[in-house]
Amino acid sequence: MALSNIDVRIIGDYHYCDEGYHDFHDNKIEDFKYYFKDWLEKLGRIPQWTSVNININYYPDTGRFEFKYISTKQVDILESLKNDSGFSSRYFTKLSV
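Using our numbering, read the sequence shown as starting at 1437 and increasing by one per residue.
Hints may contain errors.
Restricting the straight-line Cα-Cα distance to at most 30 Å, the calculated cross-link-like pairs of lysine-lysine (DSSO-like) are [to be verified]:
#1 LYS1478 with LYS1464
#2 LYS1530 with LYS1478
#3 LYS1518 with LYS1469
#4 LYS1530 with LYS1504
#5 LYS1464 with LYS1509
#6 LYS1504 with LYS1518
#7 LYS1518 with LYS1464
#8 LYS1518 with LYS1478
#9 LYS1509 with LYS1478
#10 LYS1530 with LYS1473
#11 LYS1478 with LYS1504
#12 LYS1509 with LYS1469
#13 LYS1469 with LYS1504
#14 LYS1530 with LYS1469
#15 LYS1473 with LYS1518
#16 LYS1504 with LYS1473
#17 LYS1530 with LYS1509
#18 LYS1530 with LYS1518
#19 LYS1464 with LYS1530
#20 LYS1473 with LYS1509
#21 LYS1464 with LYS1504
Read the hints as simulated data drawn from the structure, not as lab findings.
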């Protein structure tokens, strides 16, 4: 699978109190991108030649993510996340677009 892009947008009127808190959320987003890309590659349901672009919202008050847009294979990705409750419950608020 060719994951072209994961774009994460921070949502809400949430203000970072100090630089350390800002770094905490930036690291959480970068970790998510890494682990989600790894999870998708191991999934094996998406052919290697298929390009996938994903837009995700991040809510710092809960530390959770939510899909905004999936360019292709949306049904396969969401179905697989529903079947992997350990991974999905760790990162996502809800599994829909």
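We went through each hint and held it up to the structure:
1. Proposed proximity of LYS1478 and LYS1464 is supported: the alpha carbons are some 21 Å apart, at most 30 Å.
2. Our distance criterion of 30 Å between C-alpha atoms is met by LYS1530 and LYS1478, whose separation comes to about 22 Å.
3. With a C-alpha separation of about 18 Å, the suggested pairing of LYS1518 with LYS1469 holds against the 30 Å cut-off.
4. For the hint pairing LYS1530 with LYS1504, the CA-to-CA distance comes to about 11 Å; that is within 30 Å, so the pair holds.
5. With a C-alpha separation of about 25 Å, the suggested pairing of LYS1464 with LYS1509 holds against the 30 Å cut-off.
6. Between LYS1504 and LYS1518 the alpha-carbon distance is near 17 Å, which keeps this suggested pair within the 30 Å criterion.
7. As the CA atoms of LYS1518 and LYS1464 are separated by approximately 22 Å, the hinted pair is consistent with the 30 Å bound.
8. Taken as a hint, the LYS1518 and LYS1478 pair is honoured in the structure, with Cα atoms around 16 Å apart against an allowance of 30 Å.
9. Between LYS1509 and LYS1478 the alpha-carbon distance is near 15 Å, which keeps this suggested pair within the 30 Å criterion.
10. At most 30 Å may separate the alpha-carbon atoms for a hinted pair to count; LYS1530 and LYS1473 meet this at roughly 18 Å.
11. For the hint linking LYS1478 to LYS1504, the alpha-carbon distance of about 22 Å falls within 30 Å, and the restraint holds.
12. This hinted pair checks out: LYS1509 and LYS1469 have alpha carbons roughly 18 Å apart, not beyond 30 Å.
13. For a cut-off of 30 Å, the pair hint linking LYS1469 to LYS1504 stands: about 15 Å separates their Cα positions.
14. Of the supplied pair hints, the one linking LYS1530 and LYS1469 holds, its CA atoms being roughly 17 Å apart against a limit of 30 Å.
15. Between LYS1473 and LYS1518 the alpha-carbon distance is near 17 Å, which keeps this suggested pair within the 30 Å criterion.
16. Between LYS1504 and LYS1473, the direct Cα distance comes to roughly 17 Å. Compliance with the 30 Å bound is thereby established for this hinted pair.
17. A threshold of 30 Å between alpha carbons decides the hint, and for LYS1530 with LYS1509 the separation of about 18 Å falls inside it, so the pair holds.
18. About 10 Å separates the Cα atoms of LYS1530 and LYS1518, which keeps this hinted pair within 30 Å; it holds.
19. As the CA atoms of LYS1464 and LYS1530 are separated by approximately 18 Å, the hinted pair is consistent with the 30 Å bound.
20. At most 30 Å may separate the alpha-carbon atoms for a hinted pair to count; LYS1473 and LYS1509 meet this at roughly 14 Å.
21. With a C-alpha separation of about 18 Å, the suggested pair LYS1464 and LYS1504 falls inside the 30 Å cut-off, and the hint holds.
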